[in-house]
Amino acid sequence: MNLRTRSRNHAFTLVELLVVIAIIGILVALLLPAIQAAREAARRAQCLNNLKQLGIALHNYHDALLVFPAGHTLDRTGPGYGDRFTWPVALWPYMEQDALYSQMNFRSDFGGCYTWNTPIMMTALASFQCPSDGDSEFGHACRVRNSYVSNTGIGYLRKELPAKHKPGVFQQNKFVKMRDMTDGTSTTVGISEILKVREGYDYRGTWSYPEGCHYQHDRTPNTRIPDEVRTGMCPNADANHPEAPCIETYNSHLTRRILLSARSQHPGGVQAMLMDGSTKFINQAIDTATWQALGTPFGYEVIGTF
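-4 is the number of the first residue of the sequence shown in this note's numbering; add one for each residue after it.
Bear in mind the hints are in silico, worked out from the structure with no lab data behind them. Accuracy of the hints is not assured; some may be wrong.
[Stated by the list, open to error] Straight-line Cα separation of at most 30 angstroms, DSSO-like style, residue types lysine-lysine; simulated pairs:
#: 1; residue 1: Lys47; residue 2: Lys172
#: 2; residue 1: Lys275; residue 2: Lys161
#: 3; residue 1: Lys47; residue 2: Lys161
#: 4; residue 1: Lys275; residue 2: Lys172
#: 5; residue 1: Lys47; residue 2: Lys275
#: 6; residue 1: Lys169; residue 2: Lys47
#: 7; residue 1: Lys275; residue 2: Lys169
#: 8; residue 1: Lys172; residue 2: Lys161
Please work from the sequences and hints to get the whole structure.
Okay, here's the thing in C-alpha cells:
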C-alpha cells in the first residue's frame, strides 16, 4: 500500500506537464531568433565569399586581357539586335568553368528558349547564388537567375536615355581598363546584389539577359521605389512585391529604358564588391549622393567613409 502511494506521489500531474511544456516553449522562442541570426550570419559570410571570388576572377581577367569585361555585348549587324554574351560568361574561364564556357556558341545570341545556348542558359552556378536568396528558379522562361549584378552607373541601361547618364564599369560593348578608373578602384562598386522575385515572368537577375544582369546606382539599396522594367516583365504591376516592387515603363528591348536597384535579403543593406577586389556590406541608409558616387568610376567625386 505504501509503495503504491509513493509511486502515485512521484508521477507528473497534468498541471506539471503543462508547466514543463510552457517552459520548453519559452526557451525555444528565446533561442530561435539567435539560431536564425547565426544561420543568416553564415549565409551572409558565404555570400560575401562569393563576391570575393568574383573579384578575383575579374582581376585575373584583367591581368590576362588588360581590360575588364564588357557588361554585355550587342551585335548591331544584320536584322535587329543580337545579345551575344554578358559579363558572367566572360568570367567562367577564371572560375574553373572552362567546360561550360567551351560549350558557348558565340555566333548564336541568347534569343529565345530554342537556341544553341539554351542548355547553358538553364545552368545555375553556386558561386553566383546568394544563399540568403533561395534558389535560382527560372524567372524568364528558360533562363536561370543569379543573385549578383553588375553596375552600369547612373541612368537608364540604354545610355542615350537620358543625356545625363553617368556610366559605371560595366557597359554595353565597352571594355574599361584599370587605369580608366580615375576615382579609384576602392571607391567604385563593380558588383552588388539583386532580389530574385519568385512570382511570374520576372527577368531581374537573369545572367543571360542584358536587361537582367545589371543594376543602376540612381537609388539607394533596398529602396521601395519601384524598378522600371519592360512591359510583361513585371509580375506585380498591379500589386507591387513588398521587397522588390516594379513598374512597366517601356515596351521594346531596343529601348531598354530600364532602371534596377540593388536589393538583398540581408537585413539593413546589401553586399558589394569594389573594383579593387575587396568586399563590403553597405548600409541601406547610405547617403544618396555617396551611393551614386560609388557607382561612377570616373565621375571625379571625392568619397569619404561609407
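Now the hints, each set against the structure:
Distance restraint check for Lys47 and Lys172: the Cα-Cα separation of roughly 20 angstroms lies within the 30 angstroms cut-off, and the hinted pair is therefore satisfied. Between Lys275 and Lys161, the direct Cα distance comes to roughly 23 angstroms. Compliance with the 30 angstroms bound is thereby established for this hinted pair. With a C-alpha separation of about 26 angstroms, the suggested pairing of Lys47 with Lys161 holds against the 30 angstroms cut-off. Restraint check for Lys275 and Lys172: satisfied, since their Cα atoms lie roughly 22 angstroms apart, inside the 30 angstroms limit.
About 10 angstroms separates the Cα atoms of Lys47 and Lys275, which keeps this hinted pair within 30 angstroms; it holds. For the proposed pair Lys169 and Lys47, the alpha carbon gap of about 23 angstroms is at most 30 angstroms, so the pair holds. A hinted pair counts as satisfied when its Cα atoms are at most 30 angstroms apart, and Lys275 with Lys169 qualifies at roughly 26 angstroms. Restraint check for Lys172 and Lys161: satisfied, since their Cα atoms lie roughly 17 angstroms apart, inside the 30 angstroms limit.
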